[in-house]
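K.L.:
So the chains spell out like this:
Protein chains: 2
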Amino acid sequence: MDPVDVLGATVRVQAGAVTQAVHEHCAEHGLTWPVDFASKGSSHVGGNIATNAGGVKVIRYGLTRNWVLGLEVVLANGTVLEMNGALEKNNTGADLRQLFIGSEGTLGVITEATLKLARVPGALDVFLFAVSDLAGVLRLFREARTGPFSIMAYEFFTDACLARLMRHRKVRAPFEAPSSHYVLLEVERSGADEAALESWTTSLFERGLVADGTLAQHSAQAAELWALREGISESLSATGLPHKNDVALPIASLEAFCAELGALFASRYAGWEICLFGHIGDGNLHVNVMKPDALDKAEFLRRTKEADHDMFALVKKHRGSISAEHGIGLLKKDYLAYSRAPEEIALLRAIKKTLDPNGILNPGKILDQ
Amino acid sequence: MDPVDVLGATVRVQAGAVTQAVHEHCAEHGLTWPVDFASKGSSHVGGNIATNAGGVKVIRYGLTRNWVLGLEVVLANGTVLEMNGALEKNNTGADLRQLFIGSEGTLGVITEATLKLARVPGALDVFLFAVSDLAGVLRLFREARTGPFSIMAYEFFTDACLARLMRHRKVRAPFEAPSSHYVLLEVERSGADEAALESWTTSLFERGLVADGTLAQHSAQAAELWALREGISESLSATGLPHKNDVALPIASLEAFCAELGALFASRYAGWEICLFGHIGDGNLHVNVMKPDALDKAEFLRRTKEADHDMFALVKKHRGSISAEHGIGLLKKDYLAYSRAPEEIALLRAIKKTLDPNGILNPGKILDQ
Chain A
4 MDPVDVLGAT VRVQAGAVTQ AVHEHCAEHG LTWPVDFASK GSSHVGGNIA TNAGGVKVIR
64 YGLTRNWVLG LEVVLANGTV LEMNGALEKN NTGADLRQLF IGSEGTLGVI TEATLKLARV
124 PGALDVFLFA VSDLAGVLRL FREARTGPFS IMAYEFFTDA CLARLMRHRK VRAPFEAPSS
184 HYVLLEVERS GADEAALESW TTSLFERGLV ADGTLAQHSA QAAELWALRE GISESLSATG
244 LPHKNDVALP IASLEAFCAE LGALFASRYA GWEICLFGHI GDGNLHVNVM KPDALDKAEF
304 LRRTKEADHD MFALVKKHRG SISAEHGIGL LKKDYLAYSR APEEIALLRA IKKTLDPNGI
364 LNPGKILDQ
Chain B
4 MDPVDVLGAT VRVQAGAVTQ AVHEHCAEHG LTWPVDFASK GSSHVGGNIA TNAGGVKVIR
64 YGLTRNWVLG LEVVLANGTV LEMNGALEKN NTGADLRQLF IGSEGTLGVI TEATLKLARV
124 PGALDVFLFA VSDLAGVLRL FREARTGPFS IMAYEFFTDA CLARLMRHRK VRAPFEAPSS
184 HYVLLEVERS GADEAALESW TTSLFERGLV ADGTLAQHSA QAAELWALRE GISESLSATG
244 LPHKNDVALP IASLEAFCAE LGALFASRYA GWEICLFGHI GDGNLHVNVM KPDALDKAEF
304 LRRTKEADHD MFALVKKHRG SISAEHGIGL LKKDYLAYSR APEEIALLRA IKKTLDPNGI
364 LNPGKILDQ
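Protein sequences appear in the order of chains A and B.
According to my numbering, the first sequence is numbered sequentially starting from 4.
According to my numbering, the second sequence is numbered sequentially starting from 4.
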């Protein structure tokens, strides 16, 4: 990694730099690369860019795409492209950087990047709310967008996720009365004082927008609330066999999608528990279905293929994405057409052919040659 | 324009929608499309997207690219591409939308778009500061990034611009003592109170970061301060014959670039007044040089070509952009290679050939076929 350009708020790094090491490199200057997720301790910047990584802060900062200024890419024919340097604005024809960001290494190999940095946010406040249904989760989201703060994260999970987490982690329920949906809201309050946050929260109770809620009083408590959300994935695996998907929907379609998904499973996959959670503020939904105890593992795995097929049909119907963050790779190639029109796939293929005529870059990924 | 999707904070519009009409359409919901500049009353959304428009709020919101979710594009062969719907996250292969955004209509014709909306910002505060040199402008920028607010705009102009504005508009000097550089800073203070802003300003004086400064006390005064910045372009044309350029530099190179530019003109174009202003917070510099009274107009126009050549060489040396916002079109084709490497231009050409083999889309723009 080069030294941080503090005035320009940028840093040049090689593709192999570990995400968290970049954070640490920038922190002493009060700056950060706001691409942040659980695997930051092992993920590489090049991979973050090649997959246009998301994470829990997308609602505040957007995807990785927004935090890349310059890009060095090696093309299939060996040409080294150096694009855009450290410029924020450069309207000189089509922006070729964008082709490589998120293309999973199929169009070129990212070797270096100039990253745009953000200031480290100020004090953060973490709320946990109990709400009665998904409509309530979305209503609260709309409300939070006008609150006296900037939203850093807006995450939700259902009672099914919480129950498995409590079993695995041996933690207590966050509220006295159980609820079907929970929202974790993290905010940067900038100049707003504690009283402004409390009066905002009070108005939520008064208007019946939340059934219960808490505001972490210190960082240890904030970490406990975050652990509820971040422990879900591990808890599902520890208490059963989950089959995982990572879809995105237009926010306005989330409620209809989830209702239809519930009905689909009730009728065709009776007894399969659905555990929903995710970064709902950007439409991203983690759909985990759990193997019923009575069902044989091989049979479950076989039937998850059918279930994916059915679920992706619902995603397609609601114009969603079959892969919000995880990409296409090999596993989802058969479903690419559920989120991209045939005309678009034809153009993807033509561009692949232009950049990599012999198909030597990450062959077989995303598209068959 | 379709009705605003308030929950999803999006709106679907045709390419011919006028930017300001989109703003008005969304305002009643407390939402806005944060693409904003002086010509918003006549510019079209399709053009904004095709040129990846910037404007004075780029430092807060980024370029137009960040505010486009779905895109409908007609290709040269008549194919209609519908891309990405209303999704924030959709990692399913290369993001083809990005190819069309900023390509000046040379790769496809944008016909509709689903725009991402932001909430209308809260109360804004406008400062004007006098500083002694460009280094001071940049020092103050760095300081402002850690202030108790979000920066909405960070604009600067020199005494040469102010002098012409005062002559043309018959306005008084903003401060008693003249200064060589001025900074207009607009902020959204979120929850911070007036006292926090004042104590921030006081610390600037105490540390000698500004020579003078004022904080608008009401909206009329804020508008007066903005008029100083926004009246520059008109005032230059009204008081002489300007030759205009719109370049961008890495922020860390701005000072060296401006010093070398001054030296270049002093030695080769003696008597040409340089008027500098722009959105310096994102590295964008408007360089206007004024025809000396004694110089014949035709001779001036002839020599501006030489001057451009010399200036663009400096831009290239500092890895800047010869066109921060205005694009390439026909006028800057000869200088494309000053901001894009030969390998990159070859790839631009290959992609143009793939998408528009007969060169029927905006022919002759950006690249010769």
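Just so you know, the hints here were simulated from the structure itself, not pulled from any lab data.
None of these values were measured; they are calculated from a predicted model.
Fair warning: there could be bad hints in the mix.
Which copy? The list can't say, so a pair holds if one copy fits it or any two copies do.
Claimed, not checked - Derived lysine-lysine pairs resembling DSS-like cross-links, with alpha carbons at most 30 Å apart: (1) Lys173 / Lys294; (2) Lys356 / Lys336; (3) Lys119 / Lys60; (4) Lys320 / Lys294; (5) Lys319 / Lys119; (6) Lys320 / Lys119; (7) Lys119 / Lys247; (8) Lys60 / Lys247; (9) Lys356 / Lys43; (10) Lys320 / Lys43; (11) Lys294 / Lys119; (12) Lys119 / Lys43; (13) Lys356 / Lys368.
K.L.:
Have a look at Lys119 and Lys60 and pick one of within, between, both or neither, based on CA distance no larger than 30 Å.
P.N.:
both (16 Å within a copy, 17 Å between copies)
K.L.:
For the identical chains here, do Lys356 and Lys43 meet the 30 Å Cα criterion within one copy, between copies, both, or neither?
P.N.:
Neither way: Lys356 and Lys43 sit 33 Å apart in one copy and 40 Å across, limit 30 Å.
K.L.:
Measure nothing new, just compare the shortest in-copy and cross-copy C-alpha distances for Lys319 and Lys119 to 30 Å and report within, between, both or neither.
P.N.:
between (34 Å within a copy, 21 Å between copies)
K.L.:
State whether the alpha carbon distance between Lys356 and Lys368 is at most 30 Å within one copy, between copies, both, or neither.
P.N.:
So Lys356 and Lys368 pass the 30 Å test inside a copy (14 Å) and across (25 Å) alike.
K.L.:
With identical chains treated as interchangeable, where does the CA-CA distance between Lys320 and Lys294 reach 30 Å or less: within a copy, between copies, both, or neither?
P.N.:
within (26 Å within a copy, 61 Å between copies)
K.L.:
How would you classify Lys320 and Lys119 at a CA-CA limit of 30 Å: within, between, both, or neither?
P.N.:
Intra 37 Å, inter 21 Å, cutoff 30 Å: inter-copy only.
K.L.:
At most 30 Å between CA atoms: does that hold for Lys294 and Lys119 within a copy, between copies, both, or neither?
P.N.:
neither (43 Å within a copy, 38 Å between copies)
K.L.:
Using 30 Å as the alpha-carbon threshold, which applies to Lys60 and Lys247: within, between, both, or neither?
P.N.:
within (21 Å within a copy, 40 Å between copies)
K.L.:
Can you tell me if Lys119 and Lys247 fall within 30 Å by alpha carbon in one copy, between copies, both or neither?
P.N.:
between (32 Å within a copy, 29 Å between copies)
K.L.:
Treating 30 Å as the Cα threshold, decide for Lys356 and Lys336: within, between, both or neither.
P.N.:
both (17 Å within a copy, 27 Å between copies)
K.L.:
For the identical chains here, do Lys119 and Lys43 meet the 30 Å Cα criterion within one copy, between copies, both, or neither?
P.N.:
Answer is both; intra-copy 17 Å and inter-copy 28 Å each pass.
K.L.:
Between the shortest in-copy and the shortest cross-copy C-alpha distance, which are at most 30 Å for Lys320 and Lys43: within, between, both, or neither?
P.N.:
Answer is neither: 34 Å inside a copy and 36 Å across each miss the 30 Å cutoff.
Of the numbered hints given earlier, the model fails hints 9, 10 and 11; all others are met.
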